[in-house]
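2 protein chains.
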Amino acid sequence: MHTDAPLTTLTTLTDAETQGLDAHWRALNYLSACQLYLRDNPLLTEPLRPEHIKPRLLGHWGTVPGLGLVYTHLNRLVRARGRDALCVWGPGHGAAAVLAGAWLEGTYGELEPDRSRDAAGMLRLFRDFSQPGGVPSHTAPGVPGSIQEGGELGYSLAHAYGAAFDNPDLLVCAVVGDGEAETGPLAASWHADKFLDPVHDGAVLPVLHLNGYKIANPTVLSRIPEDELDALLRGYGHEPLYVTATPGSDPADVHRAMAAAFDGALDRIERYQREAREGGKEAREGAGPRRPWPMVVLRAPKGWTGPHEVDGKQIEDTWRAHQIPVSGVREDPEKLGELERWLRSYRPEELFDDDGRPREHVLECVPEGDRRLGASPHANGGRLLRELPLPALEEHAVPVEAHGRGTHEPTRALGGLLRELMSATEGRRDFRLFGPDETDSNHLQDVYDATPRTWQARQLEGDEHLGPHGRVLEVLSEHLCQGWLEGYLLTGRHGLFASYEAFAHVVDSMAGQHVKWLHSAREVAWRRPVASLNYLLTSHAWRQDHNGFSHQDPGFIDHVMNKSPEVVRVYLPPDTNTLLAVADHVLRTRDTVNVVVAGKQPCFDWLGLEEARAHCARGLGVWDWAGTERHGQEPDVVLACAGDVPTQETLAASALLREHLPGLSVRVVNVVDIARLMPLTAHPHGLPDAEFDAVFTRDRPVVFAYHGYPWLIHRLAYRRAGGSATGPLHVRGYREMGTTTTPFDMVVRNDLDRYRLVMDVIDRTPGLATRATAVRQRMEDMRTRHRSWIREHGTDMPEVAGWTWSGPEEESGATHT
Amino acid sequence: MHTDAPLTTLTTLTDAETQGLDAHWRALNYLSACQLYLRDNPLLTEPLRPEHIKPRLLGHWGTVPGLGLVYTHLNRLVRARGRDALCVWGPGHGAAAVLAGAWLEGTYGELEPDRSRDAAGMLRLFRDFSQPGGVPSHTAPGVPGSIQEGGELGYSLAHAYGAAFDNPDLLVCAVVGDGEAETGPLAASWHADKFLDPVHDGAVLPVLHLNGYKIANPTVLSRIPEDELDALLRGYGHEPLYVTATPGSDPADVHRAMAAAFDGALDRIERYQREAREGGKEAREGAGPRRPWPMVVLRAPKGWTGPHEVDGKQIEDTWRAHQIPVSGVREDPEKLGELERWLRSYRPEELFDDDGRPREHVLECVPEGDRRLGASPHANGGRLLRELPLPALEEHAVPVEAHGRGTHEPTRALGGLLRELMSATEGRRDFRLFGPDETDSNHLQDVYDATPRTWQARQLEGDEHLGPHGRVLEVLSEHLCQGWLEGYLLTGRHGLFASYEAFAHVVDSMAGQHVKWLHSAREVAWRRPVASLNYLLTSHAWRQDHNGFSHQDPGFIDHVMNKSPEVVRVYLPPDTNTLLAVADHVLRTRDTVNVVVAGKQPCFDWLGLEEARAHCARGLGVWDWAGTERHGQEPDVVLACAGDVPTQETLAASALLREHLPGLSVRVVNVVDIARLMPLTAHPHGLPDAEFDAVFTRDRPVVFAYHGYPWLIHRLAYRRAGGSATGPLHVRGYREMGTTTTPFDMVVRNDLDRYRLVMDVIDRTPGLATRATAVRQRMEDMRTRHRSWIREHGTDMPEVAGWTWSGPEEESGATHT
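Residue numbers (the UniProt record's numbering), protein chains in the order written: chain A, 1 to 817; chain B, 1 to 817.
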């Protein structure tokens with residue numbers, strides 16, 4: 001930690017300033033409380049009557065006054081310092097405060113004309129809130145200035161860091177609820193300060209909002225001793241600045257304390273950034289000592305300024321303030337009176353004129369134009385998004401003289417492409433690679449030739465590929481990688497998250513929420529498209545030779561495919577060039593979540609670049625060079641495959657069939673984009689039935705070798721002619737038969753191996769079972785031979801380990817160009 | 001924080017003791033290193049030759065020496081203090097050290113006779129390690145003394161706390177890797193000390209193992225300033241005790257420092273426990289000040305004692321020591337020599353006799369019998385498991401005079417059952433309820449009549465249901481809940497995890513790993529069955545009236561159903577009594593993961609207790625009282641349902657059909673245990689085809705209303721006669737059409753409503769489409785009426801909100817008993 005003398009900031013607010021801030025805050029509280037209750041009489045121009053109250057009271061009050069206080073003071077700070085700022089609102093159910101802020105500053109009405117800054121717009125604001133088909137009580141995509149919904153808690157700080165990366169002039173305030181602070185992702189996020197570059201990144205200002213309670217419980221951080229909390233926050237690398245309010249506090253004192261804390265934080269941030277950016281070489285290169293970033297601890301009552309006691313029970317400053325503080329107001333005149341007293345305590349007549357327009361002094365602290373929190377282009381990142389300068393694939397493609405002749409590591413070639421993309425974006429800094437300590441392990445390390453891993457903590461002699469200004473973010477937390485990337489994308493940049501396939505499940509929930517965000521954002525007219533969230537899942541289930549069972553799980557695909565079809569895409573490129581073509585495609589897409597599954601181990605090069613591009617564009621296709629079908633006739637059987645390992649086994653099976661059953665007409669189909677299997681009515685990438693039937697036939701046996709859980713293919717194709725299991729589609733895939741073992745043993749254990757596929761063809765092709773008993777026995781014998789070989793040698797048998805493809809074209813002397 | 005004068009512990013080891021400890025540690029290191037390399041010559045009785053080396057070197061060295069040091073010193077501590085201890089080994093790929101420890105103390109050989117404590121057993125230990133079909137390099141279920149595999153990182157500390165709860169005499173050491181310390185779940189786990197009761201729980205002793213590197217990267221906690229780290233750990237509520245070793249450290253010094261740190265920690269733990277347990281009333285009731293629990297920070301080089309430099313690159317104390325430190329040893333004589341020098345540096349001849357048996361001084365620190373770490377019954381919890389004293393359901397069942405006459409909140413009745421179960425286990429303390437701040441929200445709060453929420457942090461006047469000795473664990477982290485429960489179950493106790501349905505996805509990955517653990521544990525002969533992991537998913541997708549889209553996700557079922565069928569079970573009880581019957585069942589099961597999905601809102605009581613029990617036992621059944629089929633004839637159509645909301649809509653559809661199409665013969669089928677839909681070959685609960693056909697018919701239209709994503713039903717039933725979508729099975733379910741809205745609007749948006757189901761029947765029953773156009777139009781009109789009603793009133797229309805079931809039996813005057 002640092003021993004610099006702390007900056008002491010003298011913030012002296014004039015009484016008028018304090019009153020202006022208080023008016024703004026009271027207006028936010030008034031507008032928020034009314035959102036919970038009112039369907040009429042928005043300005044309380046007449047006494048409150050039951051018919052002014054919504055029939056069903058749904059909404060949340062607890063966190064709102066604290067969020068309002070931050071909104072007010074962030075306004076002041078932005079105005080006073082001439083700063084671009086963005087706020088990530090962490091606490092759940094805080095939308096009422098943020099909507100109130102956006103309405104008050106005018107942004108809501110500019111984006112949604114029926115939310116105009118007058119009595120009519122105010123009433124619309126109140127009526128729609130938390131009502132059927134209306135506006136959610138979370139800061140969903142329809143809320144101006146929001147980049148996270150916060151319905152699922154824990155991601156605010158990670159999102160804030162993601163927004164701050166490569167935005168050197170931006171201040172990102174992150175209000176962290178003390179409820180969400182108990183979650184794992186949030187707890188890990190505190191260490192993100194070791195990855196924030198004071199030179200190229202903006203600042204993150206966490207505001208830990210200790211209001212003491214969750215739904216029905218105290219919070220941990222509000223109940224530990226103050227010195228323990230202080231040690232914790234300093235241990236995270238922060239210098240905490242404290243603001244404390246109790247139910248009885250004089251608001252003017254609180255405003256002065258908040259203003260001083262925010263000014264103090266900004267002074268520290270500006271000093272740190274200035275030193276890093278303008279200082280000597282040492283500071284510029286980031287080798288100077290890491291400073292503690294300031295943060296604010298706001299201890300303020302849950303449900304502050306609301307009813308203190310109802311029915312003899314304390315509400316304010318308890319968990320009972322979480323939702324509706326006074327209920328039964330339509331039925332009970334006393335309760336109605338209580339509500340009216342509460343609402344009038346904000347003195348709405350001082351805040352709004354007769355037409356419902358905010359009076360001048362209420363808006364004194366509000367910034368202008370795009371500086372308003374609800375108008376920040378960073379919070380509507382599509383406004384800032386630029387096309388990526390994607391490299392020409394020709395320079396990264398691997399040469400393919402003949403189908404399947406050579407082998408390459410797909411992800412290594414992608415690493416080359418990423419290296420060039422990093423170089424091309426060096427000045428723009430709008431592309432980053434994210435991953436949990438696996439860039440090398442996933443064979444993407446060529447990217448380090450262009451940029452190192454970001455690292456602001458101590459460096460030691462011998463460290464490799466670490467630097468203060470790097471754009472590869474590595475931390476052993478999939479949650480942080482995902483949260484950072486989401487924040488980065490939603491503020492208008494591009495990225496790729498490379499992960500071990502199995503551990504993508506760590507972020508299932510976050511991925512699902514991001515899909516929901518994109519799904520909802522598509523329905524918000526003023527939200528501009530953002531770059532897609534791209535996953536590269538590698539080190540996949542079939543090649544966990546020494547990691548074993550715990551590292552074998554292809555189910556992330558299933559999780560994603562359950563989500564909104566407008567948003568989700570899954571690609572399984574079978575080789576290096578196809579991976580490059582898929583990567584090039586997904587990096588150009590907008591508003592989707594793309595999952596790309598590809599191996600890092602040497603893989604046969606099935607397709608040349610042009611073929612790969614065409615194959616990727618079609619999403620699936622017949623590989624006529626790999627089958628034996630005769631032109632113009634339907635084949636006897638279709639061998640279909642998706643994924644690199646299944647493709648290899650399928651081609652090996654095709655070769656075995658050619659050798660052992662030369663009369664059989666075999667078609668080989670490879671699927672890259674699995675949504676093509678769905679009907680067009682179910683997914684925008686779905687193939688029309690006629691095209692599907694043209695590829696898979698309507699009635700010939702289809703033996704499908706698939707990378708993941710086999711039933712997913714049935715689920716996608718069940719509406720097709722041959723889709724049911726009693727029909728001709730037969731799928732092999734991963735069936736949780738995993739362990740520490742060799743690649744070929746894995747496919748044998750899961751019945752996905754070439755010999756089993758041949759047996760499946762024999763079993764399912766009419767008339768073949770009796771004709772081909774000897775071939776079938778031979779296949780069974782090979783599986784037996786494998787099992788004894790591996791027991792004895794611990795390796796795969798030579799005929800498998802050394803297998804190479806030789807297709808009919810080689811046999812007939814044809815060459816591939 | 002506390003200001004007690006710190007305990008200063010004077011640990012003086014004699015030279016002989018130090019030498020004994022060092023011999024044990026050297027033996028562990030030798031045995032570990034040999035596991036990576038050797039297939040022969042285990043005692044190095046002859047010069048190392050290439051044929052002694054495994055053909056494929058797979059394994060990990062980096063973390064092993066540090067884990068070995070902990071194993072050695074935990075042995076000493078257990079022996080010196082007469083303590084029961086368990087160790088949770090957090091760092092990944094540490095199994096070699098733990099297997100070495102178990103082999104050395106003899107437990108491995110007792111459990112697996114071919115791992116005997118002689119040269120033959122030693123060779124078996126070496127050969128099987130990290131080889132195909134052999135022993136994983138993670139501490140998988142086959143590793144004695146292990147309760148977590150650690151293949152996926154981040155759960156060690158949570159598991160340790162779970163093991164310590166209600167085990168007052170147990171010391172649980174948790175080695176936390178500095179890699180896993182970056183994960184969210186681990187970061188959140190540090191705060192678990194606010195939930196540990198010094199009276200009824202055991203102690204957790206975290207050992208933060210700072211070896212500095214992950215796979216290819218430095219770790220954050222090893223690179224922050226020491227005072228920052230110290231503040232962080234104190235902020236977590238710990239008193240850290242430091243042990244530091246560098247590549248050049250004299251092992252004797254390190255042993256003395258480790259012994260002093262462990263003794264110091266135990267002194268503190270014993271003082272704290274003694275004061276809490278034997279002190280005055282204040283301390284006994286837990287109202288005394290929370291003390292900081294001690295922890296050890298072990299800073300020691302990655303790959304310590306291994307080769308310092310290979311090929312001019314530093315290995316020891318860098319990330320390069322992560323896997324195999326010297327490779328190419330079979331091919332390169334120099335490398336082979338390097339390996340031999342390394343292995344001989346442990347002086348095996350001093351450690352083992354000619355038969356490979358450990359010499360006496362090596363075993364001096366090893367405890368006896370069940371005190372040995374690999375023999376702890378706590379690590380094989382089934383040895384300690386007792387049947388739960390489950391209450392009679394009769395006292396909690398709701399009276400059902402006629403099917404569907406009344407309504408109850410299912411989870412509230414379950415809360416009563418849990419209350420009684422908590423009371424019945426008050427002395428035994430072997431049952432706990434886990435949840436993220438939602439026990440009240442999920443309507444389970446009656447449990448608080450028996451036991452409060454555990455809380456060791458500060459209490460304030462007005463707090464409710466908080467207490468230092470409670471057995472309800474609430475923290476806003478699904479990760480912690482899951483990790484604690486796993487640790488609790490694997491050490492032989494029982495529990496239930498109640499969560500909002502949508503946020504179960506937060507623990508997808510942990511749940512998947514636990515299924516894998518149970519799957520693998522079934523294959524380990526000496527592992528005794530443990531209590532199943534039970535989820536109650538409530539506050540489900542259909543009733544998120546004010547939480548909206550972010551809280552709507554039924555996909556946890558799909559995730560779980562992808563996993564090993566021997567382990568996974570999913571139940572969808574349609575009403576209160578069925579929920580009780582299901583809960584009673586799952587709490588009796590062993591070695592499975594049970595997912596129970598049930599609502600908390602008032603729900604029709606369809607079944608009396610005896611009916612519910614029978615229905616639950618069958619898993620699905622025809623509700624003849626709800627349909628109109630004529631005895632002995634196949635019905636015209638089958639209405640099937642699974643889940644409480646779909647059941648209600650299905651019964652309403654049945655009533656509409658009875659009213660509008662009285663001639664139609666309708667069968668109603670309800671499914672509780674969805675695995676019944678699978679073939680018996682695919683899941684142990686699968687229904688034989690003939691029974692399936694007897695229920696669903698082979699060819700009549702089946703309109704299936706399902707709680708979750710509809711395609712799951714197709715995936716389960718696709719092998720059935722009518723399983724494909726082109727066949728007669730038609731499924732309605734949740735299709736991501738969510739928002740903040742009313743219950744009935746949710747089902748309309750997702751086409752699961754009663755009117756749509758009737759339309760489906762009309763559309764899919766041969767001949768009906770033309771006969772019933774007017775009825776169909778009427779249904780369409782009702783859906784239109786709903787949409788305008790909700791727009792106008794914000795509520796559900798009266799004919800839906802006030803709907804009650806009246807079955808044919810009422811009409812015919814039959815009564816239900």
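Hints in this document: simulated from the structure, not taken from any laboratory. Treat the hints with care, since some could be wrong.
Which copy? The list can't say, so a pair holds if one copy fits it or any two copies do.
Calculated pairs, EDC-like style, for lysine to aspartate or glutamate (alpha carbon to alpha carbon, straight line, at most 20 Å) [to be verified]: (1) K313 <-> D463; (2) K335 <-> E51; (3) K335 <-> D781; (4) K335 <-> E420; (5) K194 <-> E420; (6) K313 <-> E461; (7) K313 <-> D250; (8) K313 <-> E691; (9) K335 <-> D267; (10) K313 <-> E387; (11) K194 <-> D230; (12) K335 <-> E226; (13) K194 <-> E629; (14) K194 <-> E611; (15) K194 <-> D15; (16) K194 <-> E780; (17) K194 <-> E226; (18) K194 <-> D250; (19) K313 <-> D689; (20) K313 <-> E799; (21) K194 <-> D545; (22) K194 <-> D584; (23) K335 <-> E46; (24) K335 <-> E350; (25) K313 <-> D440; (26) K194 <-> E634; (27) K313 <-> E464.
Bear in mind the structure is a predicted one, so any value in this text is a computation, not a measurement.
Going through the hints against the structure:
{"no.": "1", "hint": "K313 <-> D463", "verdict": "between (60 Å within a copy, 12 Å between copies)"}
{"no.": "2", "hint": "K335 <-> E51", "verdict": "within (14 Å within a copy, 87 Å between copies)"}
{"no.": "3", "hint": "K335 <-> D781", "verdict": "neither (82 Å within a copy, 40 Å between copies)"}
{"no.": "4", "hint": "K335 <-> E420", "verdict": "neither (66 Å within a copy, 37 Å between copies)"}
{"no.": "5", "hint": "K194 <-> E420", "verdict": "neither (26 Å within a copy, 50 Å between copies)"}
{"no.": "6", "hint": "K313 <-> E461", "verdict": "between (62 Å within a copy, 12 Å between copies)"}
{"no.": "7", "hint": "K313 <-> D250", "verdict": "neither (23 Å within a copy, 65 Å between copies)"}
{"no.": "8", "hint": "K313 <-> E691", "verdict": "neither (67 Å within a copy, 57 Å between copies)"}
{"no.": "9", "hint": "K335 <-> D267", "verdict": "neither (47 Å within a copy, 58 Å between copies)"}
{"no.": "10", "hint": "K313 <-> E387", "verdict": "neither (57 Å within a copy, 42 Å between copies)"}
{"no.": "11", "hint": "K194 <-> D230", "verdict": "both (19 Å within a copy, 17 Å between copies)"}
{"no.": "12", "hint": "K335 <-> E226", "verdict": "neither (38 Å within a copy, 57 Å between copies)"}
{"no.": "13", "hint": "K194 <-> E629", "verdict": "neither (59 Å within a copy, 69 Å between copies)"}
{"no.": "14", "hint": "K194 <-> E611", "verdict": "neither (44 Å within a copy, 60 Å between copies)"}
{"no.": "15", "hint": "K194 <-> D15", "verdict": "neither (40 Å within a copy, 43 Å between copies)"}
{"no.": "16", "hint": "K194 <-> E780", "verdict": "neither (56 Å within a copy, 59 Å between copies)"}
{"no.": "17", "hint": "K194 <-> E226", "verdict": "between (24 Å within a copy, 15 Å between copies)"}
{"no.": "18", "hint": "K194 <-> D250", "verdict": "neither (38 Å within a copy, 33 Å between copies)"}
{"no.": "19", "hint": "K313 <-> D689", "verdict": "neither (64 Å within a copy, 60 Å between copies)"}
{"no.": "20", "hint": "K313 <-> E799", "verdict": "neither (78 Å within a copy, 37 Å between copies)"}
{"no.": "21", "hint": "K194 <-> D545", "verdict": "neither (34 Å within a copy, 41 Å between copies)"}
{"no.": "22", "hint": "K194 <-> D584", "verdict": "neither (31 Å within a copy, 49 Å between copies)"}
{"no.": "23", "hint": "K335 <-> E46", "verdict": "within (17 Å within a copy, 91 Å between copies)"}
{"no.": "24", "hint": "K335 <-> E350", "verdict": "neither (24 Å within a copy, 84 Å between copies)"}
{"no.": "25", "hint": "K313 <-> D440", "verdict": "between (59 Å within a copy, 17 Å between copies)"}
{"no.": "26", "hint": "K194 <-> E634", "verdict": "neither (61 Å within a copy, 69 Å between copies)"}
{"no.": "27", "hint": "K313 <-> E464", "verdict": "between (61 Å within a copy, 12 Å between copies)"}
When the structure is compared with the earlier hints, violations turn up for hints 3, 4, 5, 7, 8, 9, 10, 12, 13, 14, 15, 16, 18, 19, 20, 21, 22, 24 and 26 and for no others.
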